[in-house]
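Since the structure of chain A is provided, determine the placement of chain B on it from the hints.
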Amino acid sequence: MKIFVCVKQVPDTETKIKIMPDSTGVDSAGIKWVMNPYDEFAVEEAIKFREKNAGAQVWAITAGPKSRATEVLRTALAMGADEAIIVNAPDNIDSQATAKILADAIKAEGGAHLIFSGKLAIDDNQSAVPQMIAEFLSIPHTTVVSKFESSAENMTVERDIEGGAKEVVQMMYPGLVAANKGLNMPRYASLPGIMKAKKKTIKEIEGAGGEQKVKFKNFSLPQDKAPVKMLTGDASAQAQELIKLLRDEAKVL
Amino acid sequence: MSKFFVFVEFQNNKLKRSSQELLQFAAQQGSQVVALALGSQVATNKAQLAHNGATEIVFSGSSDFDQYNPELFVGPVAEQIEKSGATIVLASASSLAKDLFPRVAAKISAGLVSDGTHLSFDAEALKVRKPLYSGKCFAEAHFENCKYKIVLMRANQLPVAAADTTKIATETEFNYTKPSLKTLIKQIVKGTSEKLDLTEANIIVSGGRGLKDADQFNKLLAPLADALGATLGATRAIVDAGWVSHSMQVGQTGKTVAPSLYIAVGVSGAIQHLAGMSGSKVIVAINSDANAPIFQKATYGIVGDAFEIIPKLTEEFKKALQH
Numbered sequence: 001m002k003i004f005v006c007v008k009q010v011p012d013t014e015t016k017i018k019i020m021p022d023s024t025g026v027d028s029a030g031i032k033w034v035m036n037p038y039d040e041f042a043v044e045e046a047i048k049f050r051e052k053n054a055g056a057q058v059w060a061i062t063a064g065p066k067s068r069a070t071e072v073l074r075t076a077l078a079m080g081a082d083e084a085i086i087v088n089a090p091d092n093i094d095s096q097a098t099a100k101i102l103a104d105a106i107k108a109e110g111g112a113h114l115i116f117s118g119k120l121a122i123d124d125n126q127s128a129v130p131q132m133i134a135e136f137l138s139i140p141h142t143t144v145v146s147k148f149e150s151s152a153e154n155m156t157v158e159r160d161i162e163g164g165a166k167e168v169v170q171m172m173y174p175g176l177v178a179a180n181k182g183l184n185m186p187r188y189a190s191l192p193g194i195m196k197a198k199k200k201t202i203k204e205i206e207g208a209g210g211e212q213k214v215k216f217k218n219f220s221l222p223q224d225k226a227p228v229k230m231l232t233g234d235a236s237a238q239a240q241e242l243i244k245l246l247r248d249e250a251k252v253l
Numbered sequence: 001m002s003k004f005f006v007f008v009e010f011q012n013n014k015l016k017r018s019s020q021e022l023l024q025f026a027a028q029q030g031s032q033v034v035a036l037a038l039g040s041q042v043a044t045n046k047a048q049l050a051h052n053g054a055t056e057i058v059f060s061g062s063s064d065f066d067q068y069n070p071e072l073f074v075g076p077v078a079e080q081i082e083k084s085g086a087t088i089v090l091a092s093a094s095s096l097a098k099d100l101f102p103r104v105a106a107k108i109s110a111g112l113v114s115d116g117t118h119l120s121f122d123a124e125a126l127k128v129r130k131p132l133y134s135g136k137c138f139a140e141a142h143f144e145n146c147k148y149k150i151v152l153m154r155a156n157q158l159p160v161a162a163a164d165t166t167k168i169a170t171e172t173e174f175n176y177t178k179p180s181l182k183t184l185i186k187q188i189v190k191g192t193s194e195k196l197d198l199t200e201a202n203i204i205v206s207g208g209r210g211l212k213d214a215d216q217f218n219k220l221l222a223p224l225a226d227a228l229g230a231t232l233g234a235t236r237a238i239v240d241a242g243w244v245s246h247s248m249q250v251g252q253t254g255k256t257v258a259p260s261l262y263i264a265v266g267v268s269g270a271i272q273h274l275a276g277m278s279g280s281k282v283i284v285a286i287n288s289d290a291n292a293p294i295f296q297k298a299t300y301g302i303v304g305d306a307f308e309i310i311p312k313l314t315e316e317f318k319k320a321l322q323h
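Residue numbers (the numbering used here), protein chains in the order written: chain A, 1 to 253; chain B, 1 to 323.
Simulated from the structure, these hints should not be mistaken for lab results. Some clues are possibly wrong.
Subject to a maximum C-alpha distance of 27 Å in a straight line, what follows is the list of computed DSSO-like cross-link-like pairs (lysine-lysine) [said to hold, decoys possible]:
id: 1; chain 1: B; residue 1: K83; chain 2: B; residue 2: K46
id: 2; chain 1: A; residue 1: K2; chain 2: A; residue 2: K16
id: 3; chain 1: B; residue 1: K255; chain 2: A; residue 2: K251
id: 4; chain 1: B; residue 1: K281; chain 2: A; residue 2: K251
id: 5; chain 1: A; residue 1: K229; chain 2: B; residue 2: K312
id: 6; chain 1: A; residue 1: K215; chain 2: A; residue 2: K32
id: 7; chain 1: B; residue 1: K219; chain 2: B; residue 2: K318
id: 8; chain 1: A; residue 1: K52; chain 2: A; residue 2: K147
id: 9; chain 1: B; residue 1: K167; chain 2: B; residue 2: K3
id: 10; chain 1: A; residue 1: K18; chain 2: A; residue 2: K217
id: 11; chain 1: A; residue 1: K66; chain 2: A; residue 2: K32
id: 12; chain 1: A; residue 1: K18; chain 2: B; residue 2: K107
id: 13; chain 1: A; residue 1: K215; chain 2: B; residue 2: K147
id: 14; chain 1: B; residue 1: K178; chain 2: B; residue 2: K14
id: 15; chain 1: B; residue 1: K107; chain 2: A; residue 2: K251
id: 16; chain 1: B; residue 1: K195; chain 2: B; residue 2: K107
id: 17; chain 1: B; residue 1: K297; chain 2: A; residue 2: K217
id: 18; chain 1: A; residue 1: K215; chain 2: B; residue 2: K46
id: 19; chain 1: B; residue 1: K255; chain 2: B; residue 2: K14
id: 20; chain 1: A; residue 1: K107; chain 2: B; residue 2: K83
id: 21; chain 1: B; residue 1: K297; chain 2: B; residue 2: K255
id: 22; chain 1: A; residue 1: K52; chain 2: A; residue 2: K166
id: 23; chain 1: A; residue 1: K244; chain 2: B; residue 2: K281
id: 24; chain 1: A; residue 1: K217; chain 2: B; residue 2: K255
id: 25; chain 1: B; residue 1: K297; chain 2: A; residue 2: K16
id: 26; chain 1: A; residue 1: K225; chain 2: B; residue 2: K127
id: 27; chain 1: B; residue 1: K255; chain 2: A; residue 2: K18
Chain A on its own, in the form it takes in the complex:
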């Protein structure tokens, strides 16, 4: 029983993003790469599932340049994944191409009983790859999941929707679950886990057949804001001044 968990390597949330001088993309020099934060919840939930289900095996999978992105699989292995596959592909291919090569790789491994992923990657913010993988594999999906329970027959998950509301969804196997924050507390990799992960052979395949449909060009940084206007005086004066500015200058009231 194979449980796949899709992970992506992204710049750490503390990273300051710099643009290439020709505006064609982001300058990757000096970026600290980490596992996409939402994927950590996915890895944790996959491992928890294995702990409850004898015979389950957790396969971490990613698509990306193998010279760099393999590291994210080592992290997944160190957390407790059993096996790992890298689908070698250029950096920054679009959602559809990524989903296609990941879905093809999962198919080639005989398919999945269950797939976990993060709800979105914090680099392109598309929140699209999980649903696309589910479509390519013709399996049901639920995204933005903050609670997961399973029995032998089906899964019951909670999906976060607008305004803090939740949908309670029952889903059959095989299915895909895309994790939101709050699903669990991802474990830290143990030292023996890290040592074992270093020695593990990671399966490499070449990503092919994913056609790009969207390309990002003309990158820019957010426009510089005018310097902040600091308000002085006592609390009452500041409050009155602020309301005046919001109403008469900024015109947002």
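Same frame as chain A, now just chain B:
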């Protein structure tokens, strides 16, 4: 001339503002606008669709569509796009559409751009910009090798004018076959807040560690938010500390927001928080530390004790907004 396809949504039996934005945008391009509307709320809202610019309304009034289930929606939505003759598909980046359209895109081999913040259509060319890295930078999305282009726009990014009540549209109800479902929605658990979601809110009042604890956060900020009709937001630090639920988190691992007014109270301004809110039009920062990074992004800043300033501010807002 290009034809637009707009997927519309309703809330409390009203057309959502975000859907109005898209219908009006499409209508302004002088083209035919197909509106796809699903569920029992359509019946009382068809005129609204026409008034906002739809020229053709394609709908199913079946209550099957009152509760979102991707398995139920993907087939009919994909089919209606293909039947419509339109190649540009617009929807708002709501939790429903963000879940649905990637799957639709995979089904009909469409290009998909989610979370657009700028949209223009010049000389038959669609231009979309969107934030990457939660707003640390922006890029232009270009479509290639695809007949269908799907754009999910964030709410509050396009202007809305008064609807033209003289406009009319053709109406076509479609039939569909309910597939055998592998997913069942068992229950909806209501949120604690009836307010607009952070991603759609026009005013946000957000708090951080400077508010000391969960109790103070609520006591201080809830009245201010009520006075302004604002939605409450929070930093990662206080979500992780368990003061408030994750649905309130603004930032790179929470929600990316772009309201007209963002009031940050006791928020120092970690880079991942700034990424999530720097698209706001006007930012007010209130913090006791004059060196807090939040002031670099703020339009107006107040250095001082939030516990002293916020009650005064709440009173003043109440007075100002009465008139």
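Structure-based check of all given hints:
1. K83(B) x K46(B): holds (20 Å)
2. K2(A) x K16(A): Cα-Cα ~38 Å, so violated.
3. K255(B) x K251(A): holds (25 Å)
4. K281(B) x K251(A): Measuring from Cα to Cα gives roughly 10 Å; hence the hint holds.
5. K229(A) x K312(B): holds (20 Å)
6. K215(A) x K32(A): With Cα atoms ~24 Å apart, K215(A) and K32(A) stay inside 27 Å; holds.
7. K219(B) x K318(B): With Cα atoms ~16 Å apart, K219(B) and K318(B) stay inside 27 Å; holds.
8. K52(A) x K147(A): Between K52(A) and K147(A) the Cα gap is close to 16 Å, so the pair holds against 27 Å.
9. K167(B) x K3(B): holds (18 Å)
10. K18(A) x K217(A): Given pair K18(A), K217(A) holds - Cα atoms ~14 Å apart, limit 27 Å.
11. K66(A) x K32(A): Between K66(A) and K32(A) the Cα gap is close to 16 Å, so the pair holds against 27 Å.
12. K18(A) x K107(B): Status violated; Cα separation ~35 Å.
13. K215(A) x K147(B): holds (15 Å)
14. K178(B) x K14(B): holds (26 Å)
15. K107(B) x K251(A): violated (45 Å)
16. K195(B) x K107(B): Distance of about 34 Å is beyond 27 Å: violated.
17. K297(B) x K217(A): Holds, because 25 Å separates the two Cα atoms, which is no more than 27 Å.
18. K215(A) x K46(B): violated (36 Å)
19. K255(B) x K14(B): holds (24 Å)
20. K107(A) x K83(B): Between K107(A) and K83(B) the Cα gap is close to 31 Å, so the pair fails against 27 Å, i.e. violated.
21. K297(B) x K255(B): At roughly 18 Å apart (the allowed maximum being 27 Å), K255(B) and K297(B) satisfy the hint.
22. K52(A) x K166(A): holds (25 Å)
23. K244(A) x K281(B): holds (17 Å)
24. K217(A) x K255(B): Given that 27 Å is the threshold and the Cα spacing comes to 24 Å, the pair holds.
25. K297(B) x K16(A): Holds, at about 15 Å.
26. K225(A) x K127(B): Holds: K225(A) and K127(B) sit about 24 Å apart, inside 27 Å.
27. K255(B) x K18(A): It holds: about 22 Å lies between the C-alpha atoms, which stays within 27 Å.
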